[in-house]
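Q: Read off the chains here:
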Amino acid sequence: MTAPLRVLDDGAWLSVSDSRAVGVGELWRLSGFCECEQADFVVEGFTGTGVDGRTVEVRAYGTCIVCNEEGPTDWLPVGRLVDTDTPRRTDGERGVFHKLANSAPAAGAGSRGVTRQPATRSGSSENL
Amino acid sequence: MPTDVEEWKSEVYGQEIRDHLMEFAEEGWESIPDDEHDAWFERFKWWGLYHQRAGQESYFMMRIGTPNGVLEPGQLEVVGEVADEYARGPAENPEFGAAYADFTTRQSIQLHWIRLEDVPEVFDKLESNGLTTQQACGDSWRNIVGCPVAGKDANEVVDALPVAENLNETFKGDEDHSNLPRKWKVSVTGCREGCGQGDINDLALEPAEKNGRMGFNVRVGGGLARNEPRLARGLDVFVEPDQAEAVSGGLSALFREYGDRENRYNARMKFLVDEWGAQEVRETLQEEFVDFELERAGEDLRDQYTYNAGTGPAAGSHDHADGAAADGGVAAQYPGGDHDHIGVHPQGDDNFYVGLNVMVGRMGAADCLELAELADDYGSGEVRLTQRQNVIVTDVPESELDAFLAEPLLDDYAPDPSPFERGSIACTGTEFCSLSIVETKNRQVRFARWLKGNVDLPDGIEEFHIHLSGCTASCAQPQIADVSLRGMKTRKNGEAVEALDIGLGGGLGEEPRFADWVAQRVPADEVPGAIENLLANFAEVREDGESFREFVENRDEETLAELIEPEETSYTDPYMHNTKLTWYPYAEEDDMDDGPAPVASDDYPVESDD
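Protein chains in written order, with our numbering: chain A, 1 to 128; chain B, 1 to 610.
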């Protein structure tokens, strides 16, 4: 079973198995993004996605609203692929961990499903 | 490695998408295979359909491209009828009601809540009346923009409308140009004002003279999206009107061949021009894509540009309003508007055009129908759309002006609005858009209403542009406004709230400049107070005769930041919560789980574990 991961619509959202899993506009608490002990990070766009084992990761672009540092993040886990049919997020805007209870990557999943993708700005880009 | 989007495009794209779209529409929303949603929604854009954001699955935004903003007689009525019948969602907007049309900054029309199952009927109705959604979105030639009174303007120097129409007819549906690396935005301008906004387009044709011949200078690589705004750069090429097709097609082909298909973020023409420089673009165009000798640029008219130039009406000696005051008649009662086409203005014939303010570009379906009727009664029936999200009724005889201006509908869509109303532009925002971070249209309406009632512009300032964009995609063109507002988040009293970055001093004209972003993350409910204080400080500190734009240019960012003093006022903002996490920001029960989407073809919510 494959679980294609994509950043779409100019980095607006992460698609997992053709469903919207994580979107921009949320505040995430991050460590190591800036000099703040814990950054309060506005997610403005996603620039890449990949997996590490069953953990879905993204690279995001945004700003810490405490210190004003802006830029791209390192790889951030946003969920895990588990054996259910529907992606779920579990912790709202409080954290970076989104449990994606989705199709588990399996043998023959293909590079998009199980291999960490390079951190390119891969989303399609549409101005409404 | 090509992106997924490029792979999808290589399989099915362009005209052939239509057959699949019609098949899905016939069989219903559920017929789109679950594992093909991303691919088909990406492709549907080419036919003007954009899947609405999370929480609104199975509903689409539909964009209708109206070249140069021209709605021929009868077409606005069709838009109103389609909006009334098909663009009704499961909840009402408290400012605009249940069915409406949005006029965009690219002189197009957007409808929302469109159901896939209704697309064939909507297409039939639009196309039988000369309207189309083809290539309104997607990676190809988008709606061509230009001076909204092209062909009507008393002082136009090049007849630009036939050029824009020819480019539209030539490159809409042309398979050689239907699959580009990304969107291709074109502006064609023939007036003296610069109101085609060529500087922010991938390709701009701007009026120029060479050896006594009138034509266009060519510029390439402008755009505002993301945090990478660029002004179009001169290509040192002059074309006569009959060469515009060959050179424009050559540049589109150059972009097709050399644009970046491996990284969509980098795929815009502006980045190719960054990488190559204008000279290499010119040389490649000459060597590979045109079969005649390109002429060097002619003498442009940019020193006469007054549109959004930050100089005030007095500087506009060659503007669309020429003759309005001299006319001494009805037009003289509505001075100004020479920069935004609002108000009454003489055409090149004996008739007048009347520009009407449409707050944030949104007009109710019933009002569309009424305006269409008025345009028919008092003018030729033609209506045009501007890049400031407003409408123009053309071809009104002087004998009909008084009666037209007395129509009750013009109380809501005024030819003489307050500066804050006429200066407002807003993008779609979190109401429907995936990328936006904040609510925009209703908020901008409330901003303008409050500013109108509480703030006076300083002496000599007659126009003041405030553009609100929900994110860095810049659909409201915030970088070219006096006050630029861009969606962000912040915390207020510990709670996450919607906020806006504030930029100052952007605009076009001979020397266009992008706004300086001087204040970050101002809570949205403190923004009207910030603008009030900014204007008061400007009035107090400005040098004699200093325009707002000059005022900004003459001061550093730190100084300007101190002049913005955000504070709460009597303004109230009902959208401070995280509207992106609602299924619809204005619904009484607005949690994601409360929304009806996705909706099946038989009108019942689709069973889902989401």
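Be aware that a few hints might be false.
Claimed, not checked - Quick look at which bits of chain A chain B covers, simulated, 3 or more residues with Cβ under 8 Å:
#1 25-33
#2 36-44
#3 53-60
#4 71-81
Source of the hints: derived by calculation from the structure; they are not laboratory data. Glycine residues also receive a C-beta, built at the ideal position from the N, C-alpha and C atoms.
Q: Next, verify each hint and record whether it holds.
A: Consistency of the hints with the structure:
Here's how the region 25-33 of chain A fares: 3 of its residues keep a CB closer than 8 Å to some CB of chain B, so the rule of at least three is met and the hint holds. Under a criterion of three residues with beta carbons nearer than 8 Å to beta carbons of chain B, the stated coverage of the region 36-44 of chain A is upheld, 3 such residues being counted. Requiring three or more residues with a Cβ within less than 8 Å of a Cβ of chain B, the coverage given for the region 53-60 of chain A is violated, as only 0 such residues are present. Given as covered by chain B, the region 71-81 of chain A fails the check, having 0 residues with a CB less than 8 Å from a CB of that chain where 3 are the minimum.
Of the hints listed earlier, those the structure fails to meet are numbers 3, 4, in rising order.
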